[in-house]
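Asker: If you want the building blocks of each chain, they are given just below.
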Amino acid sequence: MNAVVIQYRKTKSTLFKSVVIFFSLLCTVPLLCILYYIVSKGTKEINWHFLIRLPMPVGEAGGGIANALSGSVIIVLVAAVIAIPLGILGGIYLSENKDKKLAYWSRLSADIVQGIPSVVTGIVVYFWIVKPMEGFSALSGSLALAIMMLPILVRITEETLLRIPNSFKEAALALGVPYHRTMLKVIVPCGLSGILSGALLAVARIAGETAPLLFTAFGNPYMNVNIFKPMQSLPLMIYNYAISPYNQWHNMAWGAAMILLIWILLLNILTKLATKRWRVQL
Amino acid sequence: MESTIIKSENFNAWFGDNHVVKSVTVDIPKNSLIAVMGPSGCGKTTFLRCINRMHELTLGARTEGSVRLYADEIYDMHPILVRLKIGMVFQHPNPFPNMSIYGNVIAGYKLNGRKISRSEKDDMVEDSLRKAALWMEVRSTLRRKGSFLSGGQQQRLCIARAIAMKPDVLLLDEPTSALDPISTSSIEDLLIELKKIIRSS
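Those protein sequences? They're chains W and L, same order as listed. Each residue of the first sequence is one higher than the last, beginning at 0 in numbering that gives the first Met the number 0. Each residue of the second sequence is one higher than the last, beginning at 0 in numbering that gives the first Met the number 0.
Calculated from the structure, these hints are not laboratory results. Any given hint might turn out to be false.
Unchecked claim - SDA-like mimics (lysine to any residue), calculated; alpha carbons at most 20 Å apart, straight line:
| id | chain 1 | residue 1 | chain 2 | residue 2 |
| --- | --- | --- | --- | --- |
| 1 | W | Lys99 | L | Gly59 |
| 2 | W | Lys184 | L | Lys120 |
| 3 | W | Lys275 | L | Arg142 |
| 4 | L | Lys109 | W | Val279 |
| 5 | W | Lys184 | L | Ile79 |
| 6 | W | Lys275 | L | Ser99 |
| 7 | W | Lys184 | L | Lys114 |
| 8 | W | Lys275 | L | Arg143 |
| 9 | W | Lys97 | L | Glu55 |
| 10 | W | Lys97 | L | Thr57 |
| 11 | W | Lys184 | W | Leu195 |
| 12 | L | Lys144 | W | Ile163 |
| 13 | L | Lys84 | W | Tyr178 |
| 14 | L | Lys109 | W | Tyr178 |
| 15 | L | Lys144 | W | Ser192 |
| 16 | W | Lys228 | W | Val80 |
| 17 | W | Lys99 | L | Leu58 |
Here chain W stands alone, though its shape is the one from the complex (with noise of 0.2 Å):
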């Protein structure tokens, strides 16, 4: 081969590199520009005041948003009570047993429940919840958020656990234990790494969602714990504030986005850090 076609050659995939390393970059650029936008509107009014005052009425400076922060974590923590163990046991069915009619249909309903888009889902609620008991209430908002939460569990759960080698059910079947203590005690704990980054990923992406909580927790300018009334959270307010036409109640709501801004990403972290703690060399 002469010199020239070698050359040639080179060029080409030097080329290509550039051209996939561009563009890789080119899609961190929104990322990066979310992220600098609300950092930079959202740190000036951060402080430990804002995170456990109440907000103020408008014209008033000092107010907080303690009653979404506390809503929004009781919110999403009462969706993932409900979702986390209805999503992991629907995952070991749908992992043991892949041929049969049943797994089939429910792992595509599963699939189907994932796109069907969270205002609909808030409808939903609405008119099975809200309606017949009269009135917003958080519960129904949870319940929004744990439907959407079910089919990203099921299937995590499902896909993790069809990765661990049969060898170890069969161990622990031959040692005389009984199926159900079988799949609790030594097939969900080898997946548990994969099953937890799944669970708290479910989380991160329920944490932002306002569409489904419109219409069922509602939203609340006072502070409530009470799940059965309507409760306040980070996306709801967010939205009221942004779309106010005080510029203090803007400046609020960069706050709040900067604030589930840094609880997603610290679920990131966890996720993560859970992933490397529980990891199961099979």
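Assemble the complex: chain W is given as a structure, and chain L must be docked to it using the hints.
Answerer: Here is chain L on its own, set in the frame of chain W:
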């Protein structure tokens, strides 16, 4: 002549339409080491797995005929009971990756929810690992995960896990096929040792 522990009569096994085990009639005497030999695919593994009913995990598996443990028909017993009395070591080492070496040895008790005291556990772990000729190598690293051991050590750990349950019968499905020659000979020596221990007790 010693008494018979496993007695199979006209035993057949199928996977779907595939007739794998064809009317096996055999008496296996107590306290002995019996090797089943044959070309690959002749049904050695299937026959072994039928003895502790592990074949039931495979879809489409079906059996006919009788296998007895002493006087009890295995196929009339609950599979869990069968597997508690008939232990098994598999072709590929499979210590539980989520448990320590110590945890692996007592896994049969722990997973079955049987309460045993701390000192009983310690004794059982040492005794089983000694019988599996692994104690000297791992006694200072009992709390480490079993998956850090070499293949041969892992397989001996699996043997320790099986004999900790004090089964009446131990099935070994080509336990050395995935191992190097040195590990193979150490496991073969171990099995002969085990036979001596059982005979003398």
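Asker: Let me make sure I understand: some of the numbered hints might not hold for this structure. Which ones are they, in numerical order?
Answerer: none
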